[in-house]
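*Asks:* Listed here are the chains, written in short residue letters.
There are 2 protein chains.
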Amino acid sequence: MTVIAIDLGGTKSSAALISSEGVILIREKVEIIRKSGTFVSEILQKQIQKLYSLAQRDNHKISAIGVSVPGIYYSATGHVWAPNISGWKDYPLQEELQKILPEIPVKIDSDRAAYILGETWLGSARGCQNAIFMAVGTGIGAGIMVDGKILRGHSDIAGAVGWMALTPHFRTEFTRFGCFEYHASGDGLARVARDYINDSPNYYGLLRNPIPENINSYDVFEAFSANDNLAEQVIDQAIKMWGMATANLISIFNPEMIIFGGGVFGPAAQFIDKIRLESEKWAQPISMKQVRIAASSLGSDAGLFGAARLGFLTD
Amino acid sequence: MTVIAIDLGGTKSSAALISSEGVILIREKVEIIRKSGTFVSEILQKQIQKLYSLAQRDNHKISAIGVSVPGIYYSATGHVWAPNISGWKDYPLQEELQKILPEIPVKIDSDRAAYILGETWLGSARGCQNAIFMAVGTGIGAGIMVDGKILRGHSDIAGAVGWMALTPHFRTEFTRFGCFEYHASGDGLARVARDYINDSPNYYGLLRNPIPENINSYDVFEAFSANDNLAEQVIDQAIKMWGMATANLISIFNPEMIIFGGGVFGPAAQFIDKIRLESEKWAQPISMKQVRIAASSLGSDAGLFGAARLGFLTD
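In order, the protein sequences belong to chains E and Y. Residues in the first sequence are numbered from 42 upward in steps of one, following this note's numbering. Residues in the second sequence are numbered from 42 upward in steps of one, following this note's numbering.
Hints listed in this document are in silico derivations from the structure and should not be mistaken for laboratory results. Take these hints with a grain of salt, some might be off.
It does not matter which identical chain is used: a pair holds within one copy or between any two.
To be verified - Listed below are the simulated EDC-like cross-link pairs for lysine to aspartate or glutamate, each with C-alpha atoms no more than 16 angstroms apart in a straight line: (1) K140 x E263; (2) K190 x E136; (3) K190 x E83; (4) K315 x E69; (5) K322 x E214; (6) K330 x D197; (7) K330 x E297; (8) K315 x E273; (9) K70 x E214; (10) K130 x E263; (11) K330 x E263; (12) K91 x E69; (13) K140 x D236; (14) K76 x D314; (15) K130 x D99.
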């Protein structure tokens, strides 16, 4: 059995034919420059048609189409909210994609749901029934699996862990991102670096050179690698935040595994041991002993494999 | 249909015959003075026998026995861990109670699971599928319902929210209770009051009078009612902690409802509106709008009704 899997991101759409053993038979990628919602929908429709033709040619029977979207999938309506695609505030994506091949079910879910589906199927958390994918990129969100099912909440927006409150000192900036995301997302690392630079008139290190407004998380990791002390402080506070947030999820969920992924892990995967040490200070001690913490083993393919898994799952 | 429901606490065991409509037909209470594990087990066995006889006499058919325990129920083994009952580190309670009436299933769960089962059946959260009971007593734990089922985690210790990290400033005392419980449980209020008194040599208010070591949460609430400014500070920081923890659960679970109960709510039920205001600063804004926050409407009967609900649920 084979599915069409699509991992839609902010700047590209990856699509593949994937077998039930997790083998990628054919894959392709389309860059998305204009981001109008109808245009993006057309790209997805074309990818479905193209992969379906290739599957027909090679005698692969397609049982479903799985799609991961960079936002929220509302399971009750089949609509999608995606902040980086214009017009996708409440977009009827399921209905639109279902029209292409009416006899083949189209299943959509959020990227964070796809990540944990991918990792529990073929990645670091293979076989786990209770596991969490902490996606740290521009923002922070979590894909949470409870007894083998995705935690959706009352209206499909569960897993908004970037909003976790981790320090009692409230700042109005938190209302835009959430406290955890403010400090420890990719953009957060750059924000904290800028805060520290503003507070350190005598700092003349590596992060002084870019215009402070242009600092990004890669600058911070590069300066860290060169032993820049301000970058070290930024990373230290991020490790504390990642560790506290991990501890909270461990105490609340008693999971088998927590996986760090997204663009920041990546370069931050080197800090997994330190994150674990920080967690151990805070978490419920029995749950702490039971949990494994690791970086994503599927990397940038987690969403694609998750979309495939979505296709293979029966409701 | 009728069940035998037992709510075992640290100092008493409440038992009742409860109908499928939630009517208490007969109830009784036994105080527990000696707390050896085998003695407590004997009390439960006698309560089961007594209520079964009374049910026979009145022609009530008993379909199950539901038991709420003050600790953790390990569903894989049927064993129980209860910190305040000596010898119940890994006690085979299910097996022991099942012997009394072998043909009637005995179902056991933790008190926090029972609380949310009771509240979603007959209380503040009636009919909710995604709801959380925040039990604030001597300690803090949460009963969490996800899509109508209790969140258990990998080994039945999910919901240990008292361990939530809410301030980056770690203290070694947190390793005994967890950060949230350290600050905002019943014992936590007393602890924080003592900390504040030690830091305030010029404080001569109401909480100076008891020996500081003997302060308990009721002293704090009493002093608060009399406008004692140190007690007000203690309550203010607790409201902040309760609000932050509530916000975190809202962002993570996107629940329909969060219910505060346990001995502290009670007197702290007057602060629900302030807790909501604090939560609104931190939580994912859409989830925040969707959630209701309220005090338990079943009060000290939440565990008893939850034990009954446990009996009525089919696996």
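*Asks:* For each hint, tell me whether it holds in the structure or not.
*Replies:* Hint-by-hint comparison with the structure:
1. K140 x E263: Answer is neither; intra-copy 47 angstroms and inter-copy 66 angstroms both fail.
2. K190 x E136: So K190 and E136 fail the 16 angstroms test inside a copy (24 angstroms) and across (30 angstroms) alike.
3. K190 x E83: Neither: 30 angstroms inside a copy, 40 angstroms across copies.
4. K315 x E69: neither (37 angstroms within a copy, 53 angstroms between copies)
5. K322 x E214: Classified as between: cross-chain Cα gap 11 angstroms, same-chain 28 angstroms, threshold 16 angstroms.
6. K330 x D197: between (31 angstroms within a copy, 14 angstroms between copies)
7. K330 x E297: For K330 and E297, the Cα distance is within 16 angstroms only inside one copy (10 angstroms; across copies 32 angstroms).
8. K315 x E273: Intra 13 angstroms, inter 38 angstroms, cutoff 16 angstroms: intra-copy only.
9. K70 x E214: neither (36 angstroms within a copy, 53 angstroms between copies)
10. K130 x E263: neither (36 angstroms within a copy, 50 angstroms between copies)
11. K330 x E263: neither (33 angstroms within a copy, 41 angstroms between copies)
12. K91 x E69: within (10 angstroms within a copy, 71 angstroms between copies)
13. K140 x D236: neither (50 angstroms within a copy, 65 angstroms between copies)
14. K76 x D314: Neither way: K76 and D314 sit 39 angstroms apart in one copy and 42 angstroms across, limit 16 angstroms.
15. K130 x D99: Classified as neither: same-chain Cα gap 38 angstroms, cross-chain 60 angstroms, threshold 16 angstroms.
In terms of the numbered hints stated before, the structure departs from hints 1, 2, 3, 4, 9, 10, 11, 13, 14 and 15, listed from lowest to highest.
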